[in-house]
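**Student:** Chain by chain, the residues:
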Amino acid sequence: GAGVSQSPSNKVTEKGKDVELRCDPISGHTALYWYRQSLGQGLEFLIYFQGNSAPDKSGLPSDRFSAERTGGSVSTLTIQRTQQEDSAVYLCASSLGTSDPNEQFFGPGTRLTVL
Amino acid sequence: AQSVTQLDSQVPVFEEAPVELRCNYSSSVSVYLFWYVQYPNQGLQLLLKYLSGSTLVKGINGFEAEFNKSQTSFHLRKPSVHISDTAEYFCAVGLTGGGNKLTFGTGTQLKVEL
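Protein chains in written order, with the numbering used here: chain H, 1 to 115; chain R, 1 to 114.
So that you can see chain H by itself, here it is in the shape it has in the complex:
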């Protein structure tokens, strides 16, 4: 079956511009996660959704970052007024639920480059 998909696969933007990153989870998965993978660092948790609600936004690095999920499916991560330190690979994952320990299935990521 179809896995987690993310778009775009690559995004180059100029400092100060806004960007939107999209994630399509596996059908039927109620939980959705966003992580950031910076060069030389591990994956950094950003936010997760259970349905359309985001119980934990603790990983969002600043108020320039926001995310939403509609219809319990697609999610969009928005970064406003991008900065060079936002350059990273943004990974999305989904799981059947958040009752641990459901396996998280990852998408291929969006590589964001801020010039």
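Hints listed in this document are in silico derivations from the structure and should not be mistaken for laboratory results. These figures come from a predicted structure and were not determined experimentally. Where a beta carbon is used, it is the ideal one built from N, C-alpha and C, also for glycine. Mixed in with the good hints, there may be bad ones.
Here chain R is said to cover these stretches of chain H; the calculated rule only asks that three of the stretch's residues, wherever they fall, bring their Cβ under 8 Å from a Cβ of chain R [claimed, not checked]:
no., stretch
1, 38–47
2, 106–114
Derived coverage of chain R by chain H (criterion: at least 3 residues anywhere in the stretch with Cβ under 8 Å from a Cβ of chain H; other residues may be distant) [unchecked claim]:
no., stretch
3, 37–43
4, 104–113
Taking CB as the label site, the calculated pair distances span [stated by the list, open to error]:
no., chain 1, residue 1, chain 2, residue 2, range
5, R, Ile60, H, Ser62, 33 to 43 Å
6, R, Leu114, H, Ser62, 42 to 52 Å
7, H, Glu44, R, Glu113, 25 to 35 Å
8, R, Leu46, H, Gly40, 16 to 26 Å
Start from chain H and add chain R according to the hints.
**Tutor:** For chain R alone, kept in the frame of chain H given last:
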């Protein structure tokens, strides 16, 4: 707060040799432990997981890991590696009751050479 340490950023090894990738964690509560593999230009794929029960866990592609509570470790091993095992490996910890949020280590790049 929990944390994961992967001390080795890179591990070179010859084909058919054994390998061990180290992972240590810290947490004040019970944890679940995972190893993920990331091949070039691909997403993460689950190799194996420890939830409870037997401390020796077997995963895909001939990998296994042993949970050692006293040493707070979850090292990944393979008795004989192949060129195709060249990838980045991430150890991750999830807290019981933590809503499935994972904390990842910084990764270990395994490079298998002929």
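**Student:** May I ask which of the numbered hints given earlier this structure violates, with the numbers listed in increasing order?
**Tutor:** Violated hints: none at all, because every hint is consistent with the structure.
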